[in-house]
Structure formats: C-alpha cells, structure tokens
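So the chains spell out like this:
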Amino acid sequence: MFEYAPAPESRSVVDLKPSYGLFVDGKFVDPADGGSFKSINPASEEVLAEVAEGGAQDVDRAVRAARKAYEKVWGPMSGRDRAKYLFRIARIIQERSRELAVLESLDNGKPIRESRDVDLPLVAAHFFYYAGWADKLPHAGFGSNPRPLGVAAQVIPWNFPLLMLAWKIAPALAAGNTVVLKPAETTPLTALLFAEICQQADLPAGVVNIVTGAGETGRALVEHDGVDKVAFTGSTDVGRAIARAVAGSRKKLTLELGGKAANIVFDDAPVDQAVEGIVNGIFFNQGHVCCAGSRLLIQESVAEQVLESLKRRMAQLRLGDPLDKNTDIGAINSAAQLSRIRELTAAGAAEGAQQWSPPCELPERGFWFAPTIFTGVTQAHRIAREEIFGPVLSVLTFRTPAEAVEKANNTPYGLSAGIWTEKGSRILWMADRLRAGVVWANTFNKFDPTSPFGGYKESGYGREGGRHGLEAYLNV
Amino acid sequence: MTATATSARSDLSELGRSETALRTFLHGLPGVDQVGAEQRAAQLGTRSIKTTAKAEAIDLAIRMVDLTTLEGADTPGKVRALAAKALRPSPADPSCPHVGAVCVYPSMVPHVAEVLRGSAVHLASVATSFPSGQAPLEIKLADTRAAVEAGADEIDMVINRGAFLAGRYAEVYDEIVATKEACRDAHLKVILETGELATYDNVRRASWLAMLAGADFIKTSTGKVPVAATLPVTLVMLEAVRDFRAATGRQVGVKPAGGIKTTKDAIKYLVMVNETVGPDWLHPDWFRFGASSLLNDLLMQRTKLTTGVYAGPDYFTLD
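These protein sequence lines map, in sequence, to chains A and B.
Position in the first sequence (first residue = 1) + 658 = this note's numbering.
Position in the second sequence (first residue = 1) + 1259 = this note's numbering.
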C-alpha cells in the first residue's frame, strides 16, 4: 500500500486577530450596539475570531459612507483611474493568495487544493478582467456613455466566500458604483482580509464597505432606502423574500439562487473523463455549489458500467483535514447545513432510493458527510427535486435524448447542465433545448471571468461575469 | 462504451482472427476526451508526497527502474559498468535496493548477462529492429530470438506504427503474436511509441491491441522520438490495463519510458498508478520506468531524506 503521509499547509501565513469590527468608510469600526458573533473552523469547531454583528444603524452608516464616496470620489473618477485601483487589488490578491487560500479553508472547510488551485486564481482573474473593462465601458454595448447605478448592496453566500465577493465587487467597482457587502455569517473572515487589502491598495474610503452579520443585517441592507442596486447569491427562499422587499422600489435586482443541475451521460461518452466530471460536478467543494451536477442522468444502456466506474473512483476520494494538500473532500460548512443534508438523505432512503458511500472514516470533531450516491431515484423523489447542497448525488436513467432533455428540464431550477457525448451534433442539439444558464459539454464546474453565469426560472435572474455582468451595474 | 463490459472473457481471444472483428472492437472502445484526460493527470500531479511516504516512494521507484542505455556508442565496458550500477546503485549504502532491470541493445546482452548472473536484476533487450521497427518480420524475429538466446529475460519490442496508422490492425497483431512466440519464456514489453500515435484514442486502441496479442507489458516510447512518456498518455494506458484485467482476468504491466528525469516526476507516476489501478500494480513486476538519469536523482533525494542535506553530484556514480 502507498499511504500518503500528512502534508498540511502551514497556518502560520495567516495572521488572525481575535476580533474584527465592521469595515466602514475605510476603517474598521465597532458596531453601534456592540454585538458580535463567532466564526468557527467547521473542520474542528475551534473559534477562529469574533466578528461584529452589524445592526440597522451600522448598515445606515455604511450606506452613507458608500453614497459619499460614490458622489465625491468614485463616481466622478475616470475609468482609467478606477482600473488602476482594481489592477492593484488584483495583484495584491495574487501576492497574498497563499494567505487568503489558507484562511478560506480554515473558515469555510473547503480543501486547500481547491482554495489554492480554483478559488484564489479565479478571484484574481475576476479583478483583472473587470479592471480591464473600467475604461472601456463605452464599448461594452450599453450605449456610448453608460452610467453607474450608485450604491450597490451585495449579500453573498458561504460556499465560495471570496470568489462570490469578487463576482460582486469587481464589476460593481469597474462600472463606477460603490458597495456595501455583507458576507455570510459562517464565513466572514476572507472578506475582512479583503478589507485590509483595500486599505493596502489605498482604495478611497467608502468605496468598499463590509458589514458582517446574519440574516437581519442582510435584510436591513437590502431594504435600506439609500441603496440603488441589490445583488444577492444564495437560497431561492431568501431570494424570493428579497424580490418582494425591493418590489416597487427604484432598486435594480440580480439574483443568483439555487440549482438542481442535470449531468447527462450518453452511451458514447468518454467514460473515464465522464466519471471525473461526475465527481467534480457533485463532490467539488463538498457539493456546496449552486450549479453542482446533483442529478446524474445516465443512458440506461450504460448505467451499470458508469456506476461501477463511479464507485471505484469515489473510493479514491480522500476526506479529512481541509488544510492537508491531499484532501479532496473537506468539512461541511456548518452544523445547520449538515442537518439539512442529513434530513434530505434520510428522506431519500425513506422513499426507497438505494444509498451508497465508499468506506470513509469521518473525523470526530467538526461537521462531516461522506460522499454519497443514491441509485434507483425517480423524478418523484425529494432528492431529485430539492437542492441538497451537499456531497450527495441522485442517479436517474433515461432512454433517449428527448427523454434526457425532458427530465433535465423538469425542475423549477435552471442554473446549469452538463452533457457527456463524443458526438458534437448532439451537444448542440441538447444545448439548444436545455433550459439552463450554463451548459457544459464534456466538462463540468468550469468557470471563467469572461463567461456570463446565471439562471433560468427559479435559479434567478441577471448575469454575472463577462460583458453581460457589467449590465447589472450600469444604468441601461 | 459497452465493448469491454459486455464481452464474455473467452470472446476476446478470438478477436485477432479477423481484421473486421479487431477493427470493430478497437473502434468500439470508449473515446478519450483530451482535455479531461490531461486535466485529471495534472490534478494527480498536485498530490503532495512527503516524509515517510516519499521515502517509500523513492525506494519503490528505484526498484522499478529499467536502467537503460541505447546508443550506437555502447561498448562492452559501458554496459558492464551500467550493470554493476544496477546491482548496487549506491555502493556505500547496502540498504539501497537494486533496480528492476538493465535495458540494452541485443548485441550488448552477453556482456550484461555476465555481470547480472545470479542476481534478481532482470535483463531486458530491445529487439525487432528497434527503434523504427522498419525491417522484414523475419529479421525482427531473428533479432528477438538472438536476444533471448544471449540471455535476455525481457524483450522490449516496437509495434509497426506504419501498419497501425494505416489501419492494418491485424498485421500489427500478428507481429506481436509472432514476437511473443519468439520470446519463449522471456517477458514481452510492447512499445507503442505513443509520440507517433498522436491521439489518446490511438493510445487506447494500441494498448488493447497489444494486450489482446499477448503483451506482458505495454510501454510508451522508445525514447528516440521527440515526444516520449507523458502523464496523460500513461493515464490512458493504465486505464486500459485496468479495464483489460476486468474483462479478461489477465494483468498487464505498464512502462513509461523516456523523459522521466526527476524524483518529483517519478512520484507523480506512482501516485497515478496508486489512484488509477491501485496497489496491485505498485510493484516492479507490474510497473517500470524506462530511464537513465532518473536513478541518480532518486539516489540524491534518498540521501537527502536520510541525512537532511543534499550531497553534490560527485557523490553519485556516473556510468
């Protein structure tokens, strides 16, 4: 046997303070009522830092600071000068990427391999990409002189804390808006380190404000009268509540919500790579991915063979310490999310689907869930309809391309889909018919700042990334 | 995709009897997506192998080296020195294992055999008009028989790439079968020369063709064309031996050769073996490195692990 010795990434690159205030108007400040909460490491339940809980007064202060910065500094600034700041931020992110990656893994539970090789390179790439647009907005296709909206309220989830921050802040700033961002309550730390990076880059005070807190803080932010734009990534339920809250106001809204993506494997698929794509589709980031390929649709004639290969591959997945460089599957982000995953998998078993996981020892402390597949799932099962947001795959079969399309589209969601076949014409035929914002062919969970991302139906509206992503932050 | 899973075990041995059956089978193998295969190989390359795991990997890699010299300038003196190094790679350190085999041209086999006699180090000889294979079959077979008679217990043959690329699969198959017969008890390694096959689909087909014809090992390259062993090519070949064993019950070895120069590279290959085909292949009987300069880098890293410091290149023998 070839046992890999522990290969932990060093924590010493991260200099965590015991407590953090809110980042308002270029400075860290105490919240008005002094409330705070703890952010923990989900792999060990160890407390990492105390973080301020922003209330309505704090949100008001942050929005005012953003308004002032918008009117006095950032709005009037030339695109070329805004670009300088964004390029500077992008370079600092690259220089401090190891530190950011370690902190992301500590706070979120995701494996360092992913935060190092996926999250951080994409974060920097997003800032570089939108920095390039800042002085070229007249050529983006939104008129000769598109104007920014003003102050953007941005609420982001815990699954890709820093990457979602980049998706929100980079286009907003490039287009000339200022922002108040609320990171998720379980993963606020990289956003606070990003605030330090804004200071390091000499970004003018008030252009970026970070207000930490939970649902109430987010509600106060999106409902604030001084906000011109609301951008939210998270659950469909909260997205609906936000849509109701901003209805009838001047606020422009983009929502990026849940998904239940179909990953469709045809009988002529390159099977070894398809299996890699299935694994990457559902077990990447512990399945905490809104566009995860959580419904596997396999052509029935090859279902047995693909499943056998998939199980063999799953047995190779290494679950454990997120900071170990050889870990493939890290910790579930929170106790609440773990119980949601447990509830839905219990429903899957109770409804008669067959549950399988490879032999997998779970650490005693922290929040963990073994990679799991359910076979014998039908469209009528809850696990085929509801977003589990965990490392749980529901396997269904189909007979014909038309049936694959029908089943893939038979969901209230429509964020992403995957197609595996060696036949190019079938890829195009399928892509025309799948109602999903992103359709991957012979790959899955590939992201690029130049490519727009967003949903159909209850997966939300508006696009992030690419030229299209600018539209959400321009008055067009 | 279904070809491997649904064929009964006994069916496969009949495939070589008909050009049509062979072609239908090989073209029915699942395709390889180039981007996906390269991505998987790169991902496996990010595994971090440290401390005890690294020490074990280095010793295993040393035992898997086919210490090779294949030059027009090879002389009896040169190959004897190489054979001596194969037996005792690190003269001052008895805990250092010997390599898997010495690999030379047929004319050099008798000189190496004298040195290796009575040891556990295998003696491999390239044959069949290595490296191009462009000679009449009778000459290739005579080449093989001569090497075996001179004492080689492993034969590294080259496939007829011209015939393969022209789609004459039966011709390639028949040559391998004939060479296997000429090998008698010697193990047959079949060199696909993947750098000339160009696509991963071709690599998968050639791998199956060689295994169907009786190869004991499939080997990537001669080391004589610009593109030699790569991680993705080896990945595709490992998947082929894994699927072949599942289909037929027979285990076939894999030998990447050419261009593997550092311990870091070698460990990437071992990780790939471990996570693609598993521990059954993590043995010199089933996985080899065709290499020459790799050995000294392995020895240097081995010394570094035991002593904590790097020794200069003069502390490692050059042969």
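Don't read these hints as lab results, they were simulated from the structure.
Any given hint could turn out to be false.
Claimed, not checked - Pairs of lysine to aspartate or glutamate residues, derived as DMTMM-like cross-links and limited to a Cα-Cα distance of at most 25 Å, are as follows: (1) LYS1309(B) to ASP986(A); (2) LYS1563(B) to GLU661(A); (3) LYS685(A) to GLU703(A); (4) LYS1081(A) to ASP1460(B); (5) LYS1523(B) to GLU729(A); (6) LYS675(A) to GLU661(A); (7) LYS1523(B) to GLU1129(A); (8) LYS1081(A) to GLU1315(B); (9) LYS794(A) to ASP688(A); (10) LYS1309(B) to GLU1019(A); (11) LYS969(A) to GLU1397(B); (12) LYS1309(B) to GLU729(A); (13) LYS1309(B) to GLU661(A); (14) LYS675(A) to GLU729(A); (15) LYS1104(A) to ASP1460(B); (16) LYS1309(B) to ASP775(A); (17) LYS969(A) to ASP1318(B); (18) LYS1563(B) to GLU1297(B); (19) LYS983(A) to ASP1460(B).
Against the structure, the hints:
1. LYS1309(B) to ASP986(A): 17 Å, holds
2. LYS1563(B) to GLU661(A): This hinted pair holds, its Cα atoms lying about 21 Å apart.
3. LYS685(A) to GLU703(A): Violated, at about 29 Å.
4. LYS1081(A) to ASP1460(B): 15 Å, holds
5. LYS1523(B) to GLU729(A): Distance ~56 Å between LYS1523(B) and GLU729(A) Cα, so the pair is violated.
6. LYS675(A) to GLU661(A): 36 Å, violated
7. LYS1523(B) to GLU1129(A): 47 Å, violated
8. LYS1081(A) to GLU1315(B): 44 Å, violated
9. LYS794(A) to ASP688(A): 38 Å, violated
10. LYS1309(B) to GLU1019(A): Cα-Cα ~22 Å, so holds.
11. LYS969(A) to GLU1397(B): 47 Å, violated
12. LYS1309(B) to GLU729(A): Since the Cα atoms of LYS1309(B) and GLU729(A) sit roughly 55 Å apart, the hinted pair is violated (cutoff 25 Å).
13. LYS1309(B) to GLU661(A): Holds, at roughly 10 Å.
14. LYS675(A) to GLU729(A): 33 Å, violated
15. LYS1104(A) to ASP1460(B): Cα-Cα ~24 Å, so holds.
16. LYS1309(B) to ASP775(A): Holds: LYS1309(B) and ASP775(A) sit about 19 Å apart, inside 25 Å.
17. LYS969(A) to ASP1318(B): 31 Å, violated
18. LYS1563(B) to GLU1297(B): Violated, at roughly 31 Å.
19. LYS983(A) to ASP1460(B): 32 Å, violated
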